[in-house]
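So the protein lines, in turn, are chains A, B, C and D. For the working numbering, add 64 to where a residue sits in the first sequence, where the first one is 1. For the working numbering, add 64 to where a residue sits in the second sequence, where the first one is 1. For the working numbering, add 64 to where a residue sits in the third sequence, where the first one is 1. For the working numbering, add 64 to where a residue sits in the fourth sequence, where the first one is 1.
There could be a bad hint or two in this list.
Since the list gives no way to pick one copy over another, a pair counts as held whenever it fits inside one copy or between any two copies.
[Said to hold, decoys possible] Listed next, the in silico EDC-like pairs over lysine to aspartate or glutamate satisfying Cα-Cα at most 20 Å (straight line):
| no. | residue 1 | residue 2 |
| --- | --- | --- |
| 1 | Lys108 | Glu234 |
| 2 | Lys108 | Glu238 |
| 3 | Lys108 | Glu307 |
| 4 | Lys108 | Asp85 |
| 5 | Lys108 | Asp77 |
| 6 | Lys108 | Glu119 |
| 7 | Lys108 | Asp80 |
| 8 | Lys108 | Glu129 |
No wet-lab data here; the hints were simulated from the structure.
4 protein chains.
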Amino acid sequence: MRYRLYRLLFHHDAHDERNFDLALILAIVASVLVVMLDSVPGIKLRWHTQLYIAEWLFTVLFTAEYAVRLWAVRSPRRYATSFLGLVDLMAILPTFLSLLFPASASLAVVRILRMLRIFRILKLVKYSDEAGLLIQALLRSRHKILIFVTTLLTITVIFGSLMYVIEGPEHGFESIPTGMYWAVVTMATVGYGDISPGTGLGRFLTSTLIIIGYSIIVVPTGIYTAELARTMRPARRSVRCLECGLIDHESDAWHCRTCGRSLPDPVE
Amino acid sequence: MRYRLYRLLFHHDAHDERNFDLALILAIVASVLVVMLDSVPGIKLRWHTQLYIAEWLFTVLFTAEYAVRLWAVRSPRRYATSFLGLVDLMAILPTFLSLLFPASASLAVVRILRMLRIFRILKLVKYSDEAGLLIQALLRSRHKILIFVTTLLTITVIFGSLMYVIEGPEHGFESIPTGMYWAVVTMATVGYGDISPGTGLGRFLTSTLIIIGYSIIVVPTGIYTAELARTMRPARRSVRCLECGLIDHESDAWHCRTCGRSLPDPVE
Amino acid sequence: MRYRLYRLLFHHDAHDERNFDLALILAIVASVLVVMLDSVPGIKLRWHTQLYIAEWLFTVLFTAEYAVRLWAVRSPRRYATSFLGLVDLMAILPTFLSLLFPASASLAVVRILRMLRIFRILKLVKYSDEAGLLIQALLRSRHKILIFVTTLLTITVIFGSLMYVIEGPEHGFESIPTGMYWAVVTMATVGYGDISPGTGLGRFLTSTLIIIGYSIIVVPTGIYTAELARTMRPARRSVRCLECGLIDHESDAWHCRTCGRSLPDPVE
Amino acid sequence: MRYRLYRLLFHHDAHDERNFDLALILAIVASVLVVMLDSVPGIKLRWHTQLYIAEWLFTVLFTAEYAVRLWAVRSPRRYATSFLGLVDLMAILPTFLSLLFPASASLAVVRILRMLRIFRILKLVKYSDEAGLLIQALLRSRHKILIFVTTLLTITVIFGSLMYVIEGPEHGFESIPTGMYWAVVTMATVGYGDISPGTGLGRFLTSTLIIIGYSIIVVPTGIYTAELARTMRPARRSVRCLECGLIDHESDAWHCRTCGRSLPDPVE
């Protein structure tokens, strides 16, 4: 029975395992909704008791689930110190702590991290391959992306400082970090408008920064798309040539392109 | 004659059928324009009578068209309950209802849904293939996009809550849902500026959120582009030529493109 | 000598022709700069006489150029009614008209259309191929883009009307056209913030609209990139099979894939 | 020992060379942080002495490094006039100059250019290939990008002037350059909202500009992605196999992948 529970909680293949996953997703989303609604002044005033009860219901539920998980796994310690185990603990702890200490807003909000539990379900088999593909393409682009981010950061620092000198505190550029915040907001085309240039030179510099940002925004998109397209193209097969040892061949190769020896059975 | 009308109303191939489509598009756009103009205070004051007459003209026209459609189709019931049939009904109902009830603004605005009728025409043969390609690529990317949206939602929830705690109501972050609205507006680089961070820590977090949003905006673009590029690439089939051994052929090939020998059964 | 002038003015290959192009670009940019500076109150006050003289200098220069062009071409009439001919005329007319009529601001600003003359130079040989590629990919995507724009417009109309009903004039949504303006500004992630939602429901709808806009922004990028990638891939050759008439073959085909007959010389 | 120092300062392969690079990156980032913090009024007030000491520490450190670099290289003159040499000098000069002249804000901020020194380290071997690929794709797209930028600039000039005439100074469009600043901010979807249209016609024009901007933003992304995808695709060569006639081979193939026969001379 312990093994049965273990499968139910940690696997996602059989029919009842999937039903349990669905129920858990609903519970997670509902408990996150409770935290959210509790932060809206109007709703808190009218429905406070109901939300308080719902909160404790979910806490008891998640506590029970946490206990069963601890009991069902082979090594409770390894589970408790794993990332998902810590997230599971964090989902219940704040409510209990609020009994000991007067509930501060920040403590209550930690409960929102329950949202992270949703990734437990997303470890579903059918999704992991797709996610793997996405992450693989990201990882393979990491060198290119690091160069890109360094360039971006340097531009941010330089333009943030320039605007601090040119525009100064009277137009909202109070310090270099504020200028950098403005440069990030501008380059990423967010553009709140809480800080915006007031002088002619400042506006010219802003236009320059926007055009630079506009030009290099295509770089990460291009990197990632090209990498993903390459990952998705099933154009090669890995088979070791018995003569020269070359492994990377085109998918329709019958003979090794280096030594000409016929390759092992091409039908996979 | 009933069949003739049926073809005129539901098909788009012959010359007169296309002319009818064009007239219908013009009528739809004009009727939507009437609803729009009627909502502009200045115009309503001066041209109210004319707009009122035009409105009833279009309603009578669309009612006649609806009646003819009902009469021309084989199964009036199936048409009346289809999506496009309901849209056709919704295009005329609000004007008649305004006779019974005093015309409220919301009732009048429902008439804008006439706009949806435009998709009736877009079911044209030559466009459906192209649209099919676009939607097919979207459907094939749905697993990847679901993972992406979940990640996005989680980031939104966490950053919205963080900013609610850090910035608080005095900077506009009145509740967690408001914080989430801000996070969506920020990540998608819209950046209204109606709510924007005021503290140093808040600005640092905002910069982080923007850079995260900036980094993962490339993911859906990459997914969709790569998928679309794959969809648009002429299909290939793997069959071994018995003469020269070439495996990679176009899906419509009957003969090997290298040696000319006819290929084994092309039916997969 | 007339032919010599014709080449100088309309061709871009020889050394002196290119020098003339460069001088013309400089003159165009300088004359546009004069119009711009003339609109800045501070500068106009101090440098009005100089700008006035410069303006007449450029007008005389462009008038002379226009006259020479009219004289050098074979058919002055065809040149005068061509797009570039009209642009050339528009570059000089407003200044002369300002002698007859008191110079209104709008008349003066028409001179800015001189900027369009820059495309005369961009008809350079080496650029036209590249531009052709870009425009060809755009044209080939036009059906897909039309579907996309219709969908976008429909979403704009519906969300603009919804927000007009929900938010109303007190939050800036004065009419449906204003609502549509807001929807365009939001979907394209511009987000001025001059109009922004004030109610909870309005903010929820805004988030929905942003996510929809965010999701479909990838569609045109995907379409264009995939189309461009296909245009740039030199993977096919056009040669007519002598047996069955098939023209579209892979670039390395020796035999027709339909009938197996060997194709005419594959070495281009 | 001079050669040893030279390697330590200018190469990035051996273990200790990498450790030195890491230490240098940390020193650069820390010294930039000092300049930044010094610009925040609150921090400057409380920690001024400490920041002053840290500033001089870094200046002495970088001066020593500069001196050693000058001594270690074969041609001190060539190093001193190289781009990275000038950046190295600029990193120390402002602090010394502040002793002679009373430290103005702009002089102090020049120290932020130390950030550029970080690119010295990014010349690491393993990154240069990746950066080379990115820049190569950018360079190969330069003709296309130039056409794109000219089109963009023309649209900016025309729409900026139009809005200056239509909206006028009362809505913030004080001059044509201001209008162009607004057009850049709008087309790039930054949208600060410091200047936004107030009239109906102005809003219609803005929507048009946004849709134009939205349509052509895909062009550079498409160009760059397609170019990058082409750069990343393994190169191929066209040579006819004497046995089976296959033409399309990988650039490093010695034997035909279909029949195994050795290919004609692989040197192109």
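So, going through the hints one by one against the coordinates:
no. : hint            : result
1   : Lys108 x Glu234 : between (40 Å within a copy, 18 Å between copies)
2   : Lys108 x Glu238 : between (38 Å within a copy, 12 Å between copies)
3   : Lys108 x Glu307 : neither (75 Å within a copy, 70 Å between copies)
4   : Lys108 x Asp85  : neither (30 Å within a copy, 54 Å between copies)
5   : Lys108 x Asp77  : neither (40 Å within a copy, 60 Å between copies)
6   : Lys108 x Glu119 : within (13 Å within a copy, 46 Å between copies)
7   : Lys108 x Asp80  : neither (37 Å within a copy, 61 Å between copies)
8   : Lys108 x Glu129 : neither (28 Å within a copy, 52 Å between copies)
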